[in-house]
Amino acid sequence: MTSQVSSPAEPPAPGEQSKPGKEIRRLDRVIVRFAGDSGDGMQLTGDRFTSETASFGNDLSTLPNFPAEIRAPAGTLPGVSSFQVHFADHDILTPGDRPDVLVAMNPAALKANVADLPRGAEIIVNTDEFTKRAMAKVGYDTSPLEDGALEAYNVHPVPLTTMTVEALKDFGLSRKEAERSKNMFALGLLSWMYHRPTAGTERFLRTKFAKKPQLAEANITAFRAGWNFGETTEDFAVTYEVAPAQAAFPPGTYRNISGNLALAYGLVAASQQADLPLFLGSYPITPASDILHELSKHKNFGVRTFQAEDEIAGIGAALGAAFGGSLAVTTTSGPGVALKSETIGLAVSLELPLLIVDIQRGGPSTGLPTKTEQADLLQAMYGRNGEAPVPIVAPSTPGDCFDAALDAARIALTYRTPVFLLSDGYLANGSEPWRIPDIGELPDLRVQFATTPNHTDADGNQHFWPYLRDPQTLARPWALPGTPGLEHRIGGIEKHDGSGNISYDPANHDLMVRTRQAKVDGIKVPDIVVDDPTGDARTLVIGWGSTYGPITAAVRRTRQAGGEIAQAHLRHLNPFPANLGEALARYRNVIVPEMNLGQLAHLLRARYLVDAASHTQVTGLPFKAEQLAARLQEAVAQGLTKEAAHVR
Amino acid sequence: MSADALSLIPKADAKQSMKDFKSDQEVRWCPGCGDYAILAAVQGFLPELGLARENIVFISGIGCSSRFPYYMNTYGMHSIHGRAPAIATGLATTRRDLSVWVVTGDGDALSIGGNHLIHALRRNVNLKILLFNNRIYGLTKGQYSPTSEVGKITKSTPMGSLDAPFNPVSLALGAEASFVARTIDSDRKHLTEVLRQAAAHPGTALVEIYQNCNIFNDGAFDDLKDKNTALESLIRLEHGQPIRFGAEGAKGVVRDRATGDLCIVEVTEDNEADILVHDAHAASPTTAFALSRLADPQTLHHTPVGVLRSVRRPVYDNAMADQLDAAVEQKGKGDLAALLAGNDTWTVVG
Numbered sequence: 001m002t003s004q005v006s007s008p009a010e011p012p013a014p015g016e017q018s019k020p021g022k023e024i025r026r027l028d029r030v031i032v033r034f035a036g037d038s039g040d041g042m043q044l045t046g047d048r049f050t051s052e053t054a055s056f057g058n059d060l061s062t063l064p065n066f067p068a069e070i071r072a073p074a075g076t077l078p079g080v081s082s083f084q085v086h087f088a089d090h091d092i093l094t095p096g097d098r099p100d101v102l103v104a105m106n107p108a109a110l111k112a113n114v115a116d117l118p119r120g121a122e123i124i125v126n127t128d129e130f131t132k133r134a135m136a137k138v139g140y141d142t143s144p145l146e147d148g149a150l151e152a153y154n155v156h157p158v159p160l161t162t163m164t165v166e167a168l169k170d171f172g173l174s175r176k177e178a179e180r181s182k183n184m185f186a187l188g189l190l191s192w193m194y195h196r197p198t199a200g201t202e203r204f205l206r207t208k209f210a211k212k213p214q215l216a217e218a219n220i221t222a223f224r225a226g227w228n229f230g231e232t233t234e235d236f237a238v239t240y241e242v243a244p245a246q247a248a249f250p251p252g253t254y255r256n257i258s259g260n261l262a263l264a265y266g267l268v269a270a271s272q273q274a275d276l277p278l279f280l281g282s283y284p285i286t287p288a289s290d291i292l293h294e295l296s297k298h299k300n301f302g303v304r305t306f307q308a309e310d311e312i313a314g315i316g317a318a319l320g321a322a323f324g325g326s327l328a329v330t331t332t333s334g335p336g337v338a339l340k341s342e343t344i345g346l347a348v349s350l351e352l353p354l355l356i357v358d359i360q361r362g363g364p365s366t367g368l369p370t371k372t373e374q375a376d377l378l379q380a381m382y383g384r385n386g387e388a389p390v391p392i393v394a395p396s397t398p399g400d401c402f403d404a405a406l407d408a409a410r411i412a413l414t415y416r417t418p419v420f421l422l423s424d425g426y427l428a429n430g431s432e433p434w435r436i437p438d439i440g441e442l443p444d445l446r447v448q449f450a451t452t453p454n455h456t457d458a459d460g461n462q463h464f465w466p467y468l469r470d471p472q473t474l475a476r477p478w479a480l481p482g483t484p485g486l487e488h489r490i491g492g493i494e495k496h497d498g499s500g501n502i503s504y505d506p507a508n509h510d511l512m513v514r515t516r517q518a519k520v521d522g523i524k525v526p527d528i529v530v531d532d533p534t535g536d537a538r539t540l541v542i543g544w545g546s547t548y549g550p551i552t553a554a555v556r557r558t559r560q561a562g563g564e565i566a567q568a569h570l571r572h573l574n575p576f577p578a579n580l581g582e583a584l585a586r587y588r589n590v591i592v593p594e595m596n597l598g599q600l601a602h603l604l605r606a607r608y609l610v611d612a613a614s615h616t617q618v619t620g621l622p623f624k625a626e627q628l629a630a631r632l633q634e635a636v637a638q639g640l641t642k643e644a645a646h647v648r
Numbered sequence: 001m002s003a004d005a006l007s008l009i010p011k012a013d014a015k016q017s018m019k020d021f022k023s024d025q026e027v028r029w030c031p032g033c034g035d036y037a038i039l040a041a042v043q044g045f046l047p048e049l050g051l052a053r054e055n056i057v058f059i060s061g062i063g064c065s066s067r068f069p070y071y072m073n074t075y076g077m078h079s080i081h082g083r084a085p086a087i088a089t090g091l092a093t094t095r096r097d098l099s100v101w102v103v104t105g106d107g108d109a110l111s112i113g114g115n116h117l118i119h120a121l122r123r124n125v126n127l128k129i130l131l132f133n134n135r136i137y138g139l140t141k142g143q144y145s146p147t148s149e150v151g152k153i154t155k156s157t158p159m160g161s162l163d164a165p166f167n168p169v170s171l172a173l174g175a176e177a178s179f180v181a182r183t184i185d186s187d188r189k190h191l192t193e194v195l196r197q198a199a200a201h202p203g204t205a206l207v208e209i210y211q212n213c214n215i216f217n218d219g220a221f222d223d224l225k226d227k228n229t230a231l232e233s234l235i236r237l238e239h240g241q242p243i244r245f246g247a248e249g250a251k252g253v254v255r256d257r258a259t260g261d262l263c264i265v266e267v268t269e270d271n272e273a274d275i276l277v278h279d280a281h282a283a284s285p286t287t288a289f290a291l292s293r294l295a296d297p298q299t300l301h302h303t304p305v306g307v308l309r310s311v312r313r314p315v316y317d318n319a320m321a322d323q324l325d326a327a328v329e330q331k332g333k334g335d336l337a338a339l340l341a342g343n344d345t346w347t348v349v350g
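Residue numbers (full-length UniProt numbering), protein chains in the order written: chain A, 1 to 648; chain B, 1 to 350.
Be a bit skeptical, because a hint or two may be false.
[To be verified] Straight-line C-alpha distance at most 25 Å; calculated DMTMM-like pairs for lysine to aspartate or glutamate:
1. A:Lys-299 / B:Asp-97
2. B:Lys-225 / B:Asp-256
3. B:Lys-333 / A:Glu-294
[To be verified] Chain B stretches covered by chain A per the calculated footprint, using a threshold of three residues with CB under 8 Å from any CB of chain A:
4. 72 to 78
5. 89 to 97
6. 323 to 336
Just so you know, the hints here were simulated from the structure itself, not pulled from any lab data.
Backbone N, C-alpha and C fix where the C-beta goes; we use that ideal spot for every residue, glycine too.
With the sequences and hints as input, model every part of the structure.
Below you can see the structure in the form of structure tokens.
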């Protein structure tokens with residue numbers, strides 16, 4: 001379904017039109033957080049609210065946050081699952097720091113989230129769940145709804161469960177079954193409050209429950225009941241409008257997309273653009289599994305997905321497929337990368353194209369499987385035996401995962417090398433509006449396979465030398481099994497430059513190590529673009545990967561506060577853009593925010609002898625723009641001091 | 001499912017000979033190593049398949065045996081320790097026009113790579129796995145292996161090894177292998193016949209080859225090789241034939257009526273009719289497994305050789321190709337623009 005954003009928003013569908021008595025306030029942006037038990041369907045509720053918001057034409061950014069356990073004990077703090085969506089009438093960059101509205105489905109959800117709310121925030125609580133026992137379970141001795149603990153907020157007590165069950169009394173469902181639709185009641189209420197379109201959700205429910213039409217109707221009824229409750233109750237006197245973000249979007253057709261979906265689509269697109277079959281060898285791991293799930297749906301694109309017996313077999317099978325001429329991919333997260341390291345080293349030695357997709361999560365070890373982190377950069381850079389350079393590409397937003405996948409494929413195919421694609425949990429599960437690219441805009445990734453011998457010996461005999469390189473790219477020829485006359489053997493033992501035969505010759509090894517490094521160093525990547533509007537900034541903030549949104553938001557705040565700061569963001573971590581050293585040298589003060597303990601800063605300091613300062617956070621959550629802005633303002637002040645010292 | 005493992009593989013234009021399969025690389029195994037005999041048998045037998053040489057691939061792991069691909073004038077990959085079955089799986093599932101062979105050893109396949117071996121077998125990918133079993137670690141200079149007998153004195157076990165060995169044939173049968181055979185490096189005729197059957201098998205074929213390491217475990221299989229002792233120690237299996245061995249077939253294998261297990265008896269007129277007839281195609285692997293257990297794990301006395309099991313079941317790579325075809329049939333060939341657009345879009349006009 002396509003809606004036209006340039007025309008006025010479609011009128012609300014269910015119930016009547018808003019009563020003339022209710023006040024409508026216009027807002028430029030809102031942050032809503034849905035929170036409940038892991039079994040309460042908060043992710044689905046958030047997804048639906050997001051889809052409606054996207055189709056309404058707001059800019060948006062989301063932050064799903066859920067426990068690693070499938071069903072953590074009900075009503076406990078560790079079992080709380082939440083979904084935050086930030087939407088606006090203008091271009092926004094993050095899921096927002098502090099929710100304006102919290103929907104708390106139980107006492108645990110309230111307790112786990114209330115500290116994040118600013119004064120005056122609206123809290124919608126499901127009073128039915130605020131029983132003595134449920135409150136005691138999370139340490140509330142008295143009811144926060146009555147003891148004044150929530151005085152600073154605008155609390156709307158709503159018996160969500162009772163009203164849902166009441167609305168569904170004619171459906172002949174058990175109480176337990178009927179209660180399950182309370183998330184749809186909450187969605188209906190929020191949809192009313194923010195004038196969200198509803199047709200998409202009703203259509204979604206009919207499709208989701210196509211085989212159980214009664215459940216579809218029950219959920220739609222609960223959804224409408226929530227809407228109508230908002231419409232009629234005196235407790236909600238105000239509704240809010242957030243106009244479509246027309247100016248934020250260049251013309252085009254848009255959809256909402258998560259990072260993992262965009263990445264999966266990027267891989268399919270790369271396969272089509274390269275005219276090579278896509279092969280994914282993978283072992284399930286959070287938060288990467290959704291890419292395996294998504295690609296396994298697209299067999300009609302010639303996509304082969306192989307769920308291997310372990311991480312090692314996942315990449316092994318991918319490498320075998322690469323030898324045979326597939327666009328080969330393995331998807332994983334940090335612990336899986338550790339297991340794949342030896343095979344990545346083999347791929348470096350074989351010089352075959354291979355994509356290693358690492359959806360980073362909190363570490364070390366099992367760490368925080370469902371939370372985000374950027375702490376695999378040095379693992380990707382250095383985590384192998386011997387000198388084994390691997391190019392690294394990092395997407396910066398959910399939608400950018402699509403382009404980054406194509407870019408990683410370009411590098412792998414052009415230079416015959418494994419390539420790391422470093423996404424993370426925040427990008428993987430977060431979503432944003434995405435302009436659907438025109439197929440004609442996508443890069444041509446077609447490759448030339450070797451078809452004829454490339455070497456003539458002294459006796460005039462023709463041979464195929466698998467390690468005779470392209471002088472420009474230093475890539476070796478890709479000769480597929482099945483090509484007559486090019487039979488050759490490759491392996492992980494050092495091989496002779498050119499012929500590829502086993503060689504233990506010292507000088508040859510030195511040459512091969514340096515050549516493999518030179519090949520990666522010589523990969524063409526775009527120059528880094530520094531955003532420095534006045535040209536007078538003394539401080540540069542530089543980041544990589546998913547911190548793009550929070551850093552950019554913090555830079556805007558800093559500039560609004562009068563601070564002059566330049567910003568650059570790295571997509572290519574290996575090799576770095578050729579102009580990076582020169583760009584860094586232009587600034588007195590360089591600050592590097594990262595969701596690790598300073599891995600990029602470490603690389604920059606080592607490589608460019610730049611006194612880069614780290615600003616780090618490893619909470620499993622993205623940076624908050626406000627906090628980051630405060631740090632950037634400090635950095636700007638430092639930059640000016642350094643400048644003054646230098647001038648003196 | 002293809003009836004023949006080789007039907008999708010292009011044929012050679014001209015008659016081939018053994019030398020067509022010899023690469024220009026100097027063979028660097030120790031003089032006297034059993035690997036030479038296996039290499040010669042493979043190079044000698046491949047011409048009869050008549051396959052285009054460029055459509056044959058040998059993939060190996062790490063170990064003495066894993067140097068094998070370098071000596072074959074085919075496509076090849078010498079990979080990393082234990083991972084050859086995984087790598088070969090990726091190649092075979094994407095390229096059904098190739099004849100993919102895995103060369104591995106007892107350490108490579110059963111120790112570091114044990115997981116990949118059993119999963120390749122259960123999946124039934126179109127792979128031919130040659131497991132050179134010398135019951136020792138050769139390349140690392142003489143530590144005991146997962147097939148070494150208990151009490152093996154080696155550099156790493158000066159007081160004798162403690163752990164019980166794997167019987168690779170039993171293991172493969174337990175892992176749902178559709179083709180399992182055992183042969184011996186020095187018996188060129190038997191080795192060739194087993195290779196022939198393995199090559200023709202659709203799905204994964206595991207061939208265990210007893211291979212002498214004359215440096216670190218010399219004579220490990222002498223009892224099975226010496227004409228006199230072999231009569232008693234070796235049980236040659238032939239499909240459809242009664243299982244008899246010993247001088248003039250004096251001994252036979254019968255099923256114990258009480259336990260259902262197999263046991264060895266002196267053949268008499270009374271029990272001759274009870275001698276088990278070998279059925280490699282039996283749907284159940286139970287009897288093949290019982291046969292594999294006749295061998296004494298320490299001495300290898302009563303070791304069955306030949307094809308223990310050869311059954312047809314769906315081949316993974318064919319099934320995967322069928323799913324791709326079915327997906328195109330059901331949904332049409334993938335349309336990238338439609339995929340990217342999805343179902344919920346909105347348009348911003350300038």
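Discussion item. How does the stretch 89 to 97 of chain B fare against chain A when you require at least three residues with a CB closer than 8 Å, holds or violated?
Written reply: holds (count 8)
Discussion item. Hint check: B:Lys-225 vs B:Asp-256, CA-CA at most 25 Å. Holds or violated?
Written reply: violated (29 Å)
Worksheet entry | Proximity test - 8 Å, beta-carbon atoms, the stretch 323 to 336 of chain B to chain A, at least three hits | holds (count 11)
Worksheet entry | Within 8 Å of chain A's CB atoms, at least three CB atoms from the stretch 72 to 78 of chain B: coverage verdict | holds (count 7)
Worksheet entry | B:Lys-333 paired with A:Glu-294 [C-alpha distance capped at 25 Å] | Satisfied, since the Cα-Cα distance of roughly 17 Å is no more than 25 Å.
Item to complete: Decide if the proposed pair is consistent with the structure: A:Lys-299 and B:Asp-97, CA atoms, cutoff 25 Å inclusive.
Response: holds (20 Å)
Violated hint: 2 only; the structure is consistent with all others.
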